[in-house]
Structure formats: structure tokens, C-alpha cells
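Below are the chains, spelled out letter by letter.
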Amino acid sequence: MIHPSAIVSPLAQLGDNVQIGPFSIVHADTVIGSGTVIGSHCEIGHPEQSPTSRPLVIGADSHIRSHSVFYAGSTFGAGLVTGHHVTVREGTEAGRNLQIGTLGDIQGHCSIGDYTRFHSNVNIGQHSEIGNFVWIFPYVVLTNDPHPPSDIQLGVTLEDFVAIATMSIILPGVRVGRGALIGAHSSVSKDVVDDTVVAGSPARFVCRAETLKLKNGLSTSAYPWRRHFHRGYPEAVVKEWLAEFS
Amino acid sequence: MIHPSAIVSPLAQLGDNVQIGPFSIVHADTVIGSGTVIGSHCEIGHPEQSPTSRPLVIGADSHIRSHSVFYAGSTFGAGLVTGHHVTVREGTEAGRNLQIGTLGDIQGHCSIGDYTRFHSNVNIGQHSEIGNFVWIFPYVVLTNDPHPPSDIQLGVTLEDFVAIATMSIILPGVRVGRGALIGAHSSVSKDVVDDTVVAGSPARFVCRAETLKLKNGLSTSAYPWRRHFHRGYPEAVVKEWLAEFS
Amino acid sequence: MIHPSAIVSPLAQLGDNVQIGPFSIVHADTVIGSGTVIGSHCEIGHPEQSPTSRPLVIGADSHIRSHSVFYAGSTFGAGLVTGHHVTVREGTEAGRNLQIGTLGDIQGHCSIGDYTRFHSNVNIGQHSEIGNFVWIFPYVVLTNDPHPPSDIQLGVTLEDFVAIATMSIILPGVRVGRGALIGAHSSVSKDVVDDTVVAGSPARFVCRAETLKLKNGLSTSAYPWRRHFHRGYPEAVVKEWLAEFS
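Quick note, the sequences are listed as chains B, U and X, same order. Each residue of the first sequence is one higher than the one before, counting from 1010 in this note's numbering. Each residue of the second sequence is one higher than the one before, counting from 1010 in this note's numbering. Each residue of the third sequence is one higher than the one before, counting from 1010 in this note's numbering.
One thing to keep in mind: the hints can contain errors.
Copies of the same chain are indistinguishable here, so a pair counts whether it falls within one copy or spans any two.
Computed cross-link-like contacts, SDA-like style, restricted to lysine to any residue with a CA-CA straight-line distance of at most 25 Å [to be verified]: (1) Lys-1248 <-> Tyr-1124; (2) Lys-1248 <-> Met-1010; (3) Lys-1248 <-> Glu-1102; (4) Lys-1199 <-> Val-1017; (5) Lys-1222 <-> Glu-1168; (6) Lys-1222 <-> Ala-1087; (7) Lys-1199 <-> Arg-1126; (8) Lys-1222 <-> Gln-1135; (9) Lys-1224 <-> Ile-1011; (10) Lys-1222 <-> Arg-1240.
Bear in mind the hints are in silico, worked out from the structure with no lab data behind them. For clarity, every value in this text was computed on a predicted model and none was experimentally measured.
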């Protein structure tokens, strides 16, 4: 299960049935849950960034794809899934079943809830606080420096069920309310009210999210998306969502 | 020609004079045409995404640069050229002489014509249909979900000779007409007429493409670009283009 | 110090105490200064792009992180620092203590001064001329083709102390004056006056940079940033800056 070309520290703690791909490296300060698969050409538990003293903890049944780099000093719940070429720095505290798409760049010192999904090529700045069931689409940046460069960092807060469409940025210190949708190619400089849609640069109020219709010929509301989109979520969670709207 | 550190499945079908670089992996379901060069640290024919039953086919005289990942279940004509750190998922059907720049992220289930060029860091969403001689510049995203997240996917269509400038997105279901130019930093929400220029967010009509002048001191029209730009195209094709404008 | 799995050409010139990580490749035409650390899975001195006849020169005490690719034919002063998954093409001439963040894509044939910092995921087009103490934030592109695709390349010029915020593009041939700030999510089509702030798409004048206040409760000017931000610069330089504002 550990490819003979992989370099795995004897001090790393690997659960049962962990697979490590060819040309991958697993450092000492690493705890990997059972059933987890690490692809080829990865570097896991990169010790740099001085005495964190904290290990990298990857939950059970996770899947880290090839060419990814995880530093020591972060924790991920069970069922983490990543694309390729992902970089995750120290101080990332994530819940269960996080998905990080290809080319994701998680700068560390941030918190992420359960069942959150990052599509390809997102950049999560330090001090971001991201809730549960959040969706972030490609080329989105969560910033943190209000007057770059400076020593002041104001992280972004994304509440549960937020969706941020492609190529948008959230400016430092902004809070995006529960269930809000950020339209594509937007720059968000002010807090966003729960269950609303904002878009543009700077982003402005567009409508209540529930007024957007699904393009399925049935005029169902497209938001809250948990009303109709259930792929990959646990049965119990979906049941709860369905009850909410019945 | 196959570096001793490379891991090549005995079931992979390699043409004559194929080169495989150090620390690269070639899986079983892979057919690589003669004269093709694979750089270092690549993973070619990645089997994941379940029984595609279809192999990865790379045409002759291709060049895949280092740290690139290609899944099984895609087909590329002869003369494919890529940059580094490229990811290509299953279901990509591409013609001859496709170029994919560094950090390109091709999400699969898409079709791409002949002699099309992607510059660095483009993201091609599933269900995109891309013609011949198309140019896509850095940080362009072809999207597909009209109300993310949802189960509805409306791919983008780019007709022949389209050029999309840097950091633009094309929204789901949009068709960009033959020879159209999308200005930089645009968000395109409506179909674009052949041989026109649109720009802005949302993108609006700017002018007929032929009215843009080349900055060469001669006031030649900059578009259609095939009038003056011929680098890397076959002689026979260029001859045809020159005849069109003589 | 050279990992046994690394492949280092006997023709490469390595200074004292150079470290080369696992699965990395160092080609013949490479000169690496003493004390430099190369991470895992790198390719250094990539010979392609025909007889440059010029080597890759990396100054002393540099640190190139994993999965990075540097071509032959470029020169870097001492103290180069990179993130992961960086690509640097031939013809890049950089001063001392350049920082290139994760996923940086330096297209080569460009010049970069001393103590300049690129955050993650920047794209530096050919013929860019970048001064000293410049800051470029994530997803910024310096373009060069005024009517893509064409054979005409007009590089961007960034003077000393310029800062370009996240997800902005600078259009071909534009000069950004000393100490100017480009706001986030901007598209800059005209030259920018020294010590001013521009923003938007297309970018317009916002204010004199010195009128922006630091969010530190003290109403200090946020710009010029060298007044208050000193992290990572040599003591002598900071002393000079402090004298300038005392």
C-alpha cells in the first residue's frame, strides 16, 4: 500500500490501509487516518515554518491527489478530498469532508467548517473563517490586508451555505451572511445580508436569493440551493434539508 | 529514452522514440504516439474516475511538460504541447496541435478543435465546446453552472478564431461567434456576434473587430488576426489565410 | 545535503552547503550559490528553449520550494525565496531577495529589481520591467500583447514601491509610477501617476496614496507603505526609510 519509491518517516503515524503513492514524501509530524489515499509526488507534513510543535492530522478515508503539499500544524476531519497541485499551509483547522480543488492555495491560520467545497484554484487568505456547507468557485480570493502591504490582517467571514461564484474577491474584514450568493466577477467591499445576491465591482444588492429560478423548466427557486442540490452530502443531512422545505 | 526512475506500465502502448522523463508515471490505459516527449514528475493515464473503459490517447510528436497530470478517457491529436503543472480530466476530446499553457486546468467532458491555444492558467469547465484556431489568454474561465451549486450544466461554445483576453469569464451557455474578441477583465453573459469586440462586466458591444488597428505604425487591421499572425501554424493553413485577404 | 534520490548533473556548479531535496533534478547549466536550499520534486536549470548558452544562476542563501521549475538562462541575486509549484522561464533577470509566491508563473525575458515580492499566483508577462521594493498580490497579470494574438509585445513597467492589489491586470505598455497603488480587481489601461491610487475597470484616479489611513486606530497614513511596513527588509534600508519620514 506504500509504494516502494515513497519516503515515509518511521515516526509518521499511519492508520490501517493507508496508501501512499509513488515519489511521495510523508514527514515525521504526521498522523493519517485509516483508509486514506495519498497520490503520487506529494509532500505531506512539511516541517518548515519553525517549531509549530503541532503535527498534521488528516482524518480517515481522505484522498489527497498528486503533487499536493501539506504543512505540519493543521487538522482535517474525516473525508478530506483534494484535487492536484494543492498547497495547504500551517494553522488550517478544517471540519469533515472538506473538498479542495486542483491548484487550491490555502494560506493557513484559518478555520473551515464541515462539508465545505472549494472548486479549482481558490486562494484562502490567513484569518479567514469559513462555515459549513460553503461553496467557493474557481479563481476566488479571500483577502485580508486592507492596505497592502501592512501588518494588519482582517480576515473574511463566510457563514453557512454561502456560495461565491467564479473570479470574485472578498475584501478584508467583510462578513458574508448565511445563504448569500456572490455573483461571478465581483469585488465585495461591504458585509452581505443573509440570503441575498450581490454582484459587480464594487458589489451591490441584486435581489433576494430565493427569487432566482432554477433553469430546469419548472420555476423552482434556485436558492437556498440545499432545496434541490444534494450530491455528495450524507443522507441524514439531506433529510433535514428536505424537511425544512416541505 | 525512458528514464530509469520512471514507472511505466508494461500495458501502456508507446510508439517509437517516445521519451519519458525522471520520476514520471505512465499507467496501463495509455496510448502514446511516436516521437512524443513526456517531461519529469508527470502522471499520465491516471486511472481514477471509475471504469471509463476508454484509454488516454496522446497523438504523435506531442510534448507534455513536467508535473502534468492526464487522466484516462481522453483523446488528443498529434502535436499536443503543454506547459508545466497542467491537469486534464477524463472526457476531453481534442484535435491536433492543441497547446495548453502552464497551470492549465481542463475539467474534461469537453471538445476542442484543431490548432487551438490556451495560454497559462486557463480553466475549461465541463461541456465546453471549443472550435479551431481559438486563443484563450491567462486566467480565463469557461463556466457551466447557471446557479451554483446545481445539477444543471450549460457549457460555453467558442466558435473558430475566437480570442478571449486575460482574466475574463464566459458565463454558462453563452456562444461566442466566429472571430469575436473578448476584451480583458470581462464577464460575458450574452451571446457574442461574429467578428465583434465586447468588453466589460457585464460585457457590452465595443466595435466591429476589423476596426481595431495593429500597433505597428501601418494602421493594418488587427482582426481577423489570421491576416497578420501566423506563428506556429502549418504553411498550407497560412497560405489559405493569405489568399482570403489578398 | 543532496538527497540520494535527487538527480544532479556533475556539470552543475553547487556552492557550499547547498541542499537538494528528494526527487529533484538539477541540470548541467546551473550555478547555485552557497547555502541555498532546493525543495523536493523541483526541476532546476531546465535546458529547453534552444541554445541559450547562458546558465541559470541562483544567488547564495536562496530557498526554492517544492515542485518548482526554473529554466536555464536566468539570473537571480542572493536570497531568492519561492513558494511551491513556481515556473520561471528563461531570460528573467532579478536582483536580490526576490520572493515569488506559490503558483507564480514568470514568463521570462523580464527584469526585476531588488527586494520585490510576488504573492501567490501572479503571472508576469515577457518584457515586464519591475523595479525595487514592488509588491504584487495574488491573481495579478502583467500583460504584453495589445491585440492578442499578435507579434507585437509591449511590456509593463512598474516603478519602485508600486503595490498592485489582488486580481488586477495591467494592460500592455502601461507604466505605473513610483509608489502608486492599484486597487483590487482593477484593469489598468493608462499610465499611473506616482504616489496615486487608481481602481476600477477601467481603472480611474481615486486619491493621492497618502490620504489613505492605516486601520490601526491612529490615523497614520497607510502610504507610502515604507513608512510603517518593514518586515523582511534589511536594517540599513529600513533606517533610510525612517529617516525619510522623520
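Evaluated hints:
1. Lys-1248 <-> Tyr-1124: within (15 Å within a copy, 49 Å between copies)
2. Lys-1248 <-> Met-1010: Close neither inside one copy (37 Å) nor across copies (56 Å); limit 25 Å.
3. Lys-1248 <-> Glu-1102: Answer is neither: 27 Å inside a copy and 39 Å across each miss the 25 Å cutoff.
4. Lys-1199 <-> Val-1017: Neither, since 46 Å and 52 Å both go past 25 Å.
5. Lys-1222 <-> Glu-1168: within (23 Å within a copy, 29 Å between copies)
6. Lys-1222 <-> Ala-1087: Answer is neither; intra-copy 34 Å and inter-copy 44 Å both fail.
7. Lys-1199 <-> Arg-1126: Classified as within: same-chain Cα gap 23 Å, cross-chain 28 Å, threshold 25 Å.
8. Lys-1222 <-> Gln-1135: between (35 Å within a copy, 22 Å between copies)
9. Lys-1224 <-> Ile-1011: So Lys-1224 and Ile-1011 fail the 25 Å test inside a copy (46 Å) and across (51 Å) alike.
10. Lys-1222 <-> Arg-1240: within (19 Å within a copy, 46 Å between copies)
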